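Q: Just so you know, the protein sequences line up as chains A and B, in that order. Position in the first sequence counted from 1, then plus 190, gives you the numbering used here. Position in the second sequence counted from 1, then plus 190, gives you the numbering used here.
Please keep in mind that the hints were generated in silico from the structure rather than gathered at the bench. Predicted model only: the values in this text are computed from it and were never measured. Be aware that a few hints might be false.
It does not matter which identical chain is meant; a pair holds if it fits inside one copy or across any two.
SDA-like cross-link-like pairs, simulated, lysine to any residue; straight-line CA separation at most 25 Å [stated by the list, open to error]:
{"#": "1", "residue 1": "Lys379", "residue 2": "Met221"}
{"#": "2", "residue 1": "Lys379", "residue 2": "Asn434"}
{"#": "3", "residue 1": "Lys224", "residue 2": "Ala388"}
{"#": "4", "residue 1": "Lys224", "residue 2": "Gln485"}
{"#": "5", "residue 1": "Lys379", "residue 2": "Gly436"}
{"#": "6", "residue 1": "Lys224", "residue 2": "Ser426"}
{"#": "7", "residue 1": "Lys224", "residue 2": "Ser280"}
{"#": "8", "residue 1": "Lys224", "residue 2": "Phe499"}
{"#": "9", "residue 1": "Lys379", "residue 2": "Ala431"}
{"#": "10", "residue 1": "Lys476", "residue 2": "Arg459"}
{"#": "11", "residue 1": "Lys224", "residue 2": "Arg442"}
{"#": "12", "residue 1": "Lys217", "residue 2": "Leu375"}
Number of protein chains: 2
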Amino acid sequence: MPDPEDGQVLIRHSHLSLDPYMGSAIKGRHMSGKVLPGDVLPGETIGHVIASRHPGFAEGDRVISRGGWQTHSLAGAPAAGEAGMAAALSSGAHVLDVADGVPVSAYLGLLGMPGLTAYAGVVEMLAPRPGETFLVSAASGAVGSAAGQIARNMGARVVGIAGTPEKCAHVIDVFGFDACVNRNLPNWKADLRAACPAGVDAYFDTAGGDMLSAALGCLAMRARILLCGMMEQYNSDEVLAGPNLGPVLARRARIEGLVVYDHWHRMERWRALATDWLLTGRLAFKEHCVVGLEQAPTAFANLMAGRTFGKTIILIKD
Amino acid sequence: MPDPEDGQVLIRHSHLSLDPYMGSAIKGRHMSGKVLPGDVLPGETIGHVIASRHPGFAEGDRVISRGGWQTHSLAGAPAAGEAGMAAALSSGAHVLDVADGVPVSAYLGLLGMPGLTAYAGVVEMLAPRPGETFLVSAASGAVGSAAGQIARNMGARVVGIAGTPEKCAHVIDVFGFDACVNRNLPNWKADLRAACPAGVDAYFDTAGGDMLSAALGCLAMRARILLCGMMEQYNSDEVLAGPNLGPVLARRARIEGLVVYDHWHRMERWRALATDWLLTGRLAFKEHCVVGLEQAPTAFANLMAGRTFGKTIILIKD
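Use the sequences and the hints to build the structure in full.
A: The structure is reproduced here in C-alpha cells:
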C-alpha cells in the first residue's frame, strides 16, 4: 500500500465502472490512450479518502476519480484549467456530493460519463422535436437508456433496439420507450421498419455495423444520425466495412460524430437536470452490479458481448 | 414529327446533356423516376422553337427543357408554382437568354444543373473558410471542376482527385486547383495524404466507395463531408458496402446528403454569379462535345466509365 506524497490522497475504492471504451483502449485504438501489458486497466472509480496530504481533502471524503481496476489508488487534485478531454481523463480526484435519494453508483452511470454522453447527443446535437421518431441502439445500456428517456422527455416518440426479450420489456415498461425491437430475432429489420412507420428522424448510434445499416434503411427525410460508439468494431480485430451511405444522400440526412470529452464542461448542467428528473420520476436507470474486483474481467467480457443489462458497476469489497 | 397541341411548342434540339444520374434512372434507382424499355431516355436539352401554339413562345426562340435523347420534342410552359424537384424535373420549356460571351452549351453544365449542384454544395453546405483544405472527387468533371473553383474563389486550398495524368494537369493548370491526385496510380492514397498535410476540412464527394474511404482516412478535426453522388454504385448491380465510419466519429465530422432539386430556387443566383466569374476569368469549364445523337449511347458509357473529360454534351445535327 503506497503512502500519499505531498499534494496527494490515498483512496479506497468502493465502486468501479466498466465501459465499452476500455475494449478499444486495450486494443490500442482509443483516443484516451493505449493500455500496455503491466498497466493498470483504466476506469472511473468512487471511493473514500483514507489518508490525505492535500488541504482540499479530508479523511472520509467521498471522491470520484479515474482510479482504475484496483482496490486503492493515489490521486492529486485536478490540475488548474483542465477542460474537455484533459478534464475527462484527469488523474485528479473530485469530492463527490451525493444528492439525497440518489444512489452513489449513479454518479458512474446516469449522472456520470455515460449520462453526459446521452445528454450531449440528444440535447446538444440531435435535438429531437415533439412527435419525431427517435431511435437508439443498445437501448437498455447506460447511454442508450438515458438517451431514449431524454428524447421522450423532450416529446419524441422513442424506439429502442436491444438484444433480449427481457431487455426490450424493461426498455418499454421502466424506461418508457414507445417500442423496442429485439435484434436477435430473425426478422428484426422488418420489426424495426414496422416500429418506425413514419421513418426515423433521429438515430443515436452506439453500435455501428449491422444496426447502423438497418437504421439507414429506415430514414425519414432530413434524418440526423449521431455516431457515438461502434460496439461491433470494438469486438473485432479487423476494421469492418461500413454501411452503404446511399440513403444518407437520398434522405438528405446528416451524420455527426460525438465525443463526450468535448462536452465535459456540461457535466454540472446535466447532473442538475438528471437529478431533478430522477427524483421526480421522469428518468430511470438500471445497473448491473457485480461484487468483487476479481469479477471485473468476466463482467467486462459480458459487457462487450452484450450479455449485461444496464450500466456495469463493480462493487469493491473492503 | 408530331404537331404541337394548344399550349405546346415543338422544339428542335441542338444540345443534349448526358449526366451520371441517368445511369441510376436506367437501373430504376433514381429519385427522378424509372426508365422502362420503350421510354425516351431523359435528359436536359437546348433547342429552338420551330412551331408554337403557346403565347409565351415564338418560332426561333432558344429554349431549355427536358427534351430527352431525341432530335425534337413537344413541351408546354412550366406549370405555375412548380418548385424544387417538380421545377427541376418539369416537362415545361424555358426561354433561354444566353449572356454575351458565354457559349450556349454552358447552360447545360456550368450554368445549369451540375453548376448549381456545385454552388449549393460549396456555398450553402460545406462553406469552406479561407485557408481550409477542400477536397473534391471527379475533379475534372462538370460538378467537381465547378465545386473546386468556387471553393478556391472563397479562399480555400483546393485538392482534386481525377483519373488520368491529363485530367490532373488540366485541373491544376486550367481550373487552378492547388493539387490533383491521380487515383489510378498504385500509391494514390499516400499521394492524397501528402497533398493534404493538414487533413481535409471539407470533402465534396461525387464518387462514394473507395474514394470516400480514402477521404475519410484524411479528415481534419470537425471535417464536413458532403455526399453528392455515388458513381461507384451507379455502375454496380450490387449495393456496395460503404466505408468504415470510425474516423467520422473520432474527427467529430459531419456527413450530409445533397440533392440539387432542393436548391433549384437558387439557379438564377448561381447563374448570375457564375456568369460574372466566367467573364472575369475566375471560373473555367471544360466540355466533352460529341456530334450526333447516335453517339449518345457510346458517350454515356464513356461518361459512366470515367473515360470522358469535362461535361458531356451531345451536339445534335440538323
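Q: It remains to establish, for every hint, whether it holds in the given structure.
A: Each hint tested on the structure:
no.	hint	verdict
1	Lys379 to Met221	between (32 Å within a copy, 23 Å between copies)
2	Lys379 to Asn434	both (16 Å within a copy, 21 Å between copies)
3	Lys224 to Ala388	between (43 Å within a copy, 24 Å between copies)
4	Lys224 to Gln485	within (23 Å within a copy, 59 Å between copies)
5	Lys379 to Gly436	both (18 Å within a copy, 23 Å between copies)
6	Lys224 to Ser426	within (17 Å within a copy, 40 Å between copies)
7	Lys224 to Ser280	within (16 Å within a copy, 57 Å between copies)
8	Lys224 to Phe499	neither (27 Å within a copy, 47 Å between copies)
9	Lys379 to Ala431	both (19 Å within a copy, 18 Å between copies)
10	Lys476 to Arg459	within (22 Å within a copy, 55 Å between copies)
11	Lys224 to Arg442	between (37 Å within a copy, 20 Å between copies)
12	Lys217 to Leu375	neither (30 Å within a copy, 32 Å between copies)
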